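Going line by line, the protein sequences match chains P and W.
Using the numbering used here, you'd call the opening residue of the first sequence number 1 and step up by one each time.
Using the numbering used here, you'd call the opening residue of the second sequence number 1 and step up by one each time.
These aren't lab readings, by the way, just hints derived from the structure by calculation.
Nothing false has been slipped in among the hints.
Mimicking DMTMM-like on lysine to aspartate or glutamate, the simulated pairs with C-alpha atoms at most 20 Å apart in a straight line are:
| id | chain 1 | residue 1 | chain 2 | residue 2 |
| --- | --- | --- | --- | --- |
| 1 | P | 62 | W | 154 |
| 2 | P | 17 | W | 88 |
| 3 | P | 65 | W | 83 |
| 4 | W | 134 | P | 64 |
| 5 | W | 53 | P | 210 |
| 6 | W | 12 | P | 210 |
| 7 | W | 127 | P | 64 |
| 8 | P | 65 | W | 82 |
| 9 | P | 209 | W | 17 |
| 10 | W | 148 | W | 176 |
| 11 | P | 13 | W | 96 |
| 12 | W | 213 | W | 264 |
| 13 | P | 65 | W | 70 |
| 14 | W | 97 | P | 64 |
| 15 | W | 148 | W | 178 |
| 16 | P | 62 | W | 88 |
| 17 | P | 76 | W | 70 |
It should be emphasised that the depicted structure is a prediction, and the values quoted were computed from it without experimental measurement.
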Amino acid sequence: MIALILKDLYAIKGQMKSAVYLLLFFMLLAFFFDMGPVVVMCAVLFGALQVITSFTFDEMSKWDKYGLTLPVSRRKIIASKYALSLLLTMGSALILTPLVLLFNLYFKSFSANELFSMLCVISAAAFLMLSVSIPVLLKFGTQKGRLFLFAVVFIPVFFSGFISEYMERFSIYLPSLQTIKLLAYGAPFFMLIPLALSYLVSAKIYSSKEF
Amino acid sequence: MNILEVKNLSKKIGKFELQNISFEVEQGTVMGLIGQNGAGKSSIIRCILNLFKKTSGEITIFGKDHAHFETEIREDLGIVFDELHVPDNLTAIDLDKIYQKVYKRWDSEFFFSLLDRFDISKYDKVKVMSRGMKMKLAIVLALSHHPKLLLLDEPTSGLDPIVRDEMLDLLLGFMEDETHSILFSSHITSDLEKIADTITFIHKGEVLFTETKDSLLYDYGLWKGTKEQATEIPTHAIIGKRPGTFGIELLVKREFVSQAFPLERPTIEEIMVFQVKGG
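Please model the entire structure based on the sequences and the hints provided.
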């Protein structure tokens with residue numbers, strides 16, 4: 001499985017270079033405009049998007065046809081994609097958080113707790129996005145899958161407007177800030193459940209695929 | 001001892017169907033799988049590799065079921081398709097690092113020595129390599145974990161004669177070990193004439209015949225003459241005919257034709273064309 005993760009990391013290393021330049025730019029923004037938490041959020045989402053890029057590279061080179069002739073089971077091939085997801089999302093956060101906290105020693109514009117809760121929410125969102133997108137990309141390929149992903153992102157945004165409107169109309173109020181914070185901290189751990197279910201679905205899809 | 005056995009393999013792929021395909025590859029031999037484009041050669045190889053799930057039949061590699069023991073079997077298999085299916089951004093050095101973790105017997109020293117021998121750059125990304133270079137890298141990758149059986153699916157199509165010759169040299173080197181075997185699918189029959197011991201001819205998803213290359217080349221004869229002269233050749237000897245402007249060409253079984261008729265030795269390509277078009 002390490003070999004497959006390595007293959008994906010080598011395949012996306014060109015993208016990673018541009019990501020580093022982009023992040024340097026964001027770091028400058030963070031430093032001069034005091035946008036530290038935004039930088040960390042961008043990094044986590046960028047990491048998650050790289051997993052989707054790795055599917056595109058696989059599809060372009062028809063890697064699966066070849067990868068399945070190696071002494072690696074279909075389940076391990078799928079597991080490697082999920083391991084890559086965790087590695088890239090968590091890795092990006094772990095690399096950038098200390099830097100942003102270092103900047104904050106100078107600016108003192110947000111608390112470490114605030115950054116941590118934001119990080120938890122964005123990681124949870126990234127996990128949820130990957131939980132949906134990986135089986136979709138496996139089932140429909142990256143071309144059709146992308147359309148589906150647009151829907152995955154926009155439908156919740158569209159409904160969030162409705163939900164807030166209805167909540168006001170029916171006098172439903174959000175829980176206290178304390179509870180929301182607690183929920184935020186727990187979010188990435190809750191999202192590991194859909195990620196695990198997503199792995200099972202993906203393994204099932206992949207086991208019956210022909211190349 | 002049979003290294004690969006395919007028994008009554010059937011598989012439906014859209015409107016196309018592989019029907020009751022059976023053949024064996026003996027240890028220490030090279031089998032050529034020939035046939036037109038779309039005859040089913042690649043589909044057979046994909047079924048052997050379990051990339052296509054067979055509808056029915058049995059496939060064993062090294063005496064083991066190809067699906068139940070697939071990861072174990074693949075340690076001893078080397079595969080080359082008609083393209084190098086690895087992401088374009090990878091270099092040979094990257095591939096070496098990856099394969100060290102894939103195969104138990106990956107031999108980096110051997111891999112780099114083959115790269116040097118065939119003038120393949122270690123540092124170039126796959127995307128900047130020529131087609132010939134990519135295919136040479138594909139075969140070097142397939143050989144560097146010391147497999148026992150090579151499955152080659154049209155590896156020489158679209159390559160220039162020099163690169164094809166280099167690839168065949170590599171394969172002949174591989175076959176110096178008597179425990180090694182190759183299943184080589186190609187429609188470039190001249191390549192198979194150089195290295196194959198037996199030929200299996202696939203046509204429209206069925207096996208037309210499996211014969212040793214020598215018996216194909218010596219048992220069949222090519223006769224050229226006028227249509228009147230052709231009537232003197234017994235009909236049961238005629239495998240195929242090709243009428244031309246000035247006469248007719250017949251592919252015949254030598255044993256049924258009198259020595260009075262001068263026969264030329266056909267090429268495998270001619271045998272294939274007569275079988276398909278001149279029945």
